[in-house]
Structures are given as structure tokens and as C-alpha cells.
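With this note's numbering applied, the sequence shown covers 8 to 168.
Incorrect hints may have been included.
In silico lysine-lysine, DSSO-like type, Cα no more than 30 Å apart, as pairs [said to hold, decoys possible]:
#, residue 1, residue 2
1, 130, 68
2, 104, 125
3, 25, 68
4, 18, 68
5, 112, 160
6, 18, 31
7, 112, 132
It should be emphasised that the hints constitute simulated quantities derived from the structure, not laboratory data.
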Amino acid sequence: MDERQILDFEKPIIELEKKISDMKDFATGANLELDSEISSMQAKVDKMRDEIFSNLTRWQKVLLARHPRRPYTLDYIDLMTTDFVELHGDRCFSDDKALVGGFAKLDGKPVLIVGQQKGRDTKQKLFRNFGMMHPDGYRKALRLFKLSEKFNKPIVILIDT
8 MDERQILDFE KPIIELEKKI SDMKDFATGA NLELDSEISS MQAKVDKMRD
58 EIFSNLTRWQ KVLLARHPRR PYTLDYIDLM TTDFVELHGD RCFSDDKALV
108 GGFAKLDGKP VLIVGQQKGR DTKQKLFRNF GMMHPDGYRK ALRLFKLSEK
158 FNKPIVILID T
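Turn these sequences into a full structure, and let the hints steer you where they fit.
See the structure below:
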């Protein structure tokens with residue numbers, strides 16, 4: 008992980024996770040059984056994570072919300088749904104890449120999912136216009152909503168501020 012992307016309050020957790028990873032590598036290389044030590048260190052990491060994240064200051068919460076590695080709309084769609092089929096275009100002018108929408112299955116039930124996508128690196132951010140929609144993005148959203156209404160499917164909207 009890039010050192011610039013680690014927040015100060017995350018460093019102790021990252022260091023312990025690195026030690027656990029090193030212990031696992033050492034144990035497999037030397038044919039040692041360190042499962043009990045590894046599981047106790049993992050429990051320590053879990054406890055530390057709960058303790059740190061339950062006592063964040065307001066500014067730390069802001070930093071966490073702005074974390075460059077936080078999940079974006081497509082990440083949530085991949086984790087929440089199956090069979091996602093993205094629909095493109097507003098059928099009037101063009102396709103706004105800042106708006107992602109399509110049909111997917113959520114718990115086995117078909118739904119329409121719509122959300123804005125910002126992009127991770129500079130190239131993706133430029134491609135997605137930093138998550139800022141043009142008028143054709145709003146027309147695309149309206150078209151998708153009407154399509155969902157026509158097929159009587161629920162709509163899930165993911166908002167990334």
C-alpha cells in the first residue's frame with residue numbers, strides 16, 4: 008500500500024497486519040505451526056481496529072470519508088449485486104460517463120441501480136468528469152427511472168458526495 012494513502016490513525020493497524028503477513032510467510036517457508044500466535048495477533052488487530060474507529064475525532068472522520076482508497080459506486084455494485092448490466096446513453100445526445108446505471112440482481116431480485124462514479128486515478132477522473140454530471144447524465148437517469156417504472160422494478164440510488 009502506498010504510504011501516502013495511509014492515515015495516521017491507521018498506521019498501528021497496518022503495522023500489525025504486516026507483522027501477521029510476515030509471520031505467515033515465515034511459517035510457510037520454515038514449515039512451522041504458528042496458527043495460535045497468528046490468530047491471537049489477528050484478534051489484537053480486530054480489537055485495535057474497533058477501538059480506533061470507535062474513537063475518531065471529527066477531523067479523522069472527514070479524512071476517512073475523503074480516503075483515496077474508499078469504495079466507489081462500481082465497487083458497491085460489484086459487492087452488492089450479481090448480473091449487473093450497465094445501460095448507456097440518454098437517447099438524445101450522448102452517454103454521460105459520470106452516471107453509472109443498469110439492471111442487476113440484489114438478493115436474487117432484479118433492481119435498477121443508479122449512481123455517480125468519480126474515478127480513482129487522474130485518467131479515470133477525467134474520463135468520469137470527476138463525478139460531475141452534464142445535462143445528458145440527468146436525461147440518462149430519467150430514462151433509466153422511466154424504464155424501471157415501465158418494468159415495475161425497484162430503484163436503488165447510490166449517492167457519493
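Any of the earlier hints contradicted here, and which numbers? none
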